[in-house]
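Q: Sequence:
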Amino acid sequence: MAEFIKLSPALPWVAGQGHAGLVTACAPDRLILESPMKDFKARLTHITVSLQNDQNFHFKGRLATEVYPYHFLIAPEEHQTLQELLGQIRKDQHIEICRSQDVEAEGRFTGFQDLSFLPEALPLFDHAEIDTKTSFLGHSFKLPILITGMTGGIAKGTEINRRLALAAQKFQIPMGVGSQRIALDNPEYAKIFSVKDHAPDVFLIGNIGIAQLADSDALDRCQRAVDMIKADALAIHFNVVQEHIQVEGDRDLAGIMKRLETICKKLSVPVIAKEVGSGIAPSSARILAECGVAAIDIGGAGGTSWAHIEGLRSSSDIVSQLGLTFRNWGIPTAYSLVAVKDALPHLPLIATGGIRDGLTIAKAVALGANFGGVGLPLLKAALQNEEAVEQTIEGFERGLRLTMLASGARTLNDLKSKIVRGRPYAELFERLVPSSR
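According to our numbering, the sequence shown is numbered sequentially starting from 1.
Be aware that a few hints might be false.
Claimed, not checked - Subject to a maximum C-alpha distance of 27 Å in a straight line, what follows is the list of computed BS3-like cross-link-like pairs (lysine-lysine):
no., residue 1, residue 2
1, K380, K156
2, K170, K380
3, K230, K265
4, K230, K416
5, K196, K266
6, K60, K6
7, K418, K230
8, K170, K133
Said to hold, decoys possible - Listed next, with one range per pair, are the computed distances between beta-carbon atoms:
no., residue 1, residue 2, range
9, D252, I318, 15 to 25 Å
10, I318, S435, 47 to 57 Å
11, D131, Q391, 19 to 29 Å
12, V67, E390, 49 to 59 Å
13, S8, R286, 37 to 47 Å
14, T48, K133, 16 to 26 Å
Quick caveat, the hints were computed from the structure, so don't treat them as lab data.
For each residue, glycine too, the CB sits at the ideal point set by N, CA and C.
Please construct the entire structure, taking both the sequences and the accompanying hints into account.
A: Here it is as structure tokens:
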């Protein structure tokens with residue numbers, strides 16, 4: 001039984017014979033057509049589908065069924081064009097769902113809730129003495145904050161990325177873009193990700209999915225992703241759960257790890273292995289390190305749930321339920337961070353997954369992260385305007401600096417000795433105060 005992506009709003013279609021209507025759902029091999037005229041049936045062989053950005057996609061095919069609404073089966077030679085259409089729809093839907101719906105893990109448990117800093121009541125140093133600088137892959141940054149790559153739609157993606165890049169350059173922090181797959185398949189979309197035209201000094205991280213390494217030209221695709229945006233590093237994201245829930249997901253992952261090793265050796269920039277919400281186990285981290293990755297973004301559970309997002313996109317009850325079932329799947333961010341840091345103490349780490357304030361950035365740094373990665377809050381801000389992005393980052397910075405001041409940590413490294421599990425002095429309290437007599 002075919003699984004479909006529901007379209008809201010529906011997309012207009014028109015045929016050469018004068019018929020017209022709406023595409024209300026789509027699948028990797030067909031479109032679901034509705035029309036006020038329900039008698040065209042087998043006469044339909046060519047249609048044009050229009051996106052909201054006035055871009056048109058032309059298809060030839062046939063009606064697979066005479067039951068209304070009609071299934072228009074796309075001709076095999078048109079499947080690549082259909083994949084381009086699906087790619088645009090997917091990215092725009094990701095943005096809209098993230099903007100308008102609750103897409104985070106239920107309960108939003110990241111593990112950071114289990115941690116506290118030891119407060120320092122005395123003014124041991126001036127606020128101006130606080131040093132938030134950090135280093136990563138041979139570069140220095142003003143703050144341990146990374147704008148993490150989430151998604152990049154067609155209509156809105158260019159402006160979203162421009163706003164994020166300008167803020168990244170202003171605050172001297174790195175930025176990752178969303179998956180570049182759509183631009184690798186069709187170079188005309190490269191402009192969505194070409195943010196160095198606006199922010200030439202930003203440290204930019206490209207992005208490609210692990211499924212793209214299944215192709216024999218994987219190294220070439222990775223290098224093209226780097227060259228396309230003049231990237232300083234390339235993130236290869238691991239999203240196995242998402243791909244298997246996504247209606248049009250890539251599920252053939254055979255031989256990928258061997259190709260990853262080759263890419264790490266031969267690519268012109270460092271490779272970052274990036275999870276997208278399930279976390280990284282120590283055993284997986286060791287394999288990635290053996291492949292030669294320069295850093296790991298542990299992408300833990302507790303923040304944005306891509307399994308849930310893909311469930312929301314689908315018209316299938318089974319897929320929707322899978323999205324709900326796996327909404328909380330994975331290792332909470334703090335737990336994954338500590339486990340990987342213990343296994344690979346010298347490998348640079350990025351903690352993403354539910355980072356929503358400067359206090360949590362401080363906790364991530366205290367546990368060994370070089371950066372706390374921020375995605376959803378900055379995506380929502382970028383959908384507003386440049387000022388909203390800057391205000392969001394400023395809020396994170398002020399929260400981080402206040403945490404450092406209030407815990408007596410002059411540098412980021414000092415935070416490591418100020419953090420405890422549970423409440424400050426809870427263990428001493430329980431030891432000194434009897435529970436009963």
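Q: Evaluate each hint against the coordinates.
A: Hints versus structure:
A C-alpha spacing of about 12 Å is found between K380 and K156, which places the hinted pair at or below 27 Å, so the restraint holds. Between K170 and K380, the direct Cα distance comes to roughly 19 Å. Compliance with the 27 Å bound is thereby established for this hinted pair. For the given pair, K230 sits about 19 Å from K265 by alpha-carbon distance, which is consistent with the 27 Å threshold. About 35 Å separates the Cα atoms of K230 and K416, which puts this hinted pair outside 27 Å; it is violated.
Of the supplied pair hints, the one linking K196 and K266 holds, its CA atoms being roughly 24 Å apart against a limit of 27 Å. Between K60 and K6, the direct Cα distance comes to roughly 21 Å. Compliance with the 27 Å bound is thereby established for this hinted pair. Between the alpha carbons of K418 and K230 the distance comes to roughly 39 Å, so the proposed pair goes past 27 Å and is violated. As the CA atoms of K170 and K133 are separated by approximately 15 Å, the hinted pair is consistent with the 27 Å bound.
In this structure the hint that D252 and I318 lie 15 to 25 Å apart at CB holds, the actual value being about 21 Å. The given range of 47 to 57 Å is respected by I318 and S435, whose C-beta atoms sit roughly 50 Å from each other. A beta carbon spacing of about 23 Å between D131 and Q391 agrees with the range 19 to 29 Å that was offered as a hint. Range check, V67 to E390: Cβ separation about 53 Å, and the 49 to 59 Å hint holds.
A hinted range of 37 to 47 Å holds for the C-beta pair S8 and R286, which are about 44 Å apart. Separated by about 54 Å at the C-beta atoms, T48 and K133 break the suggested range of 16 to 26 Å.
When held up to the earlier numbered hints, the structure conflicts with 4, 7, 14 and fits the remainder.
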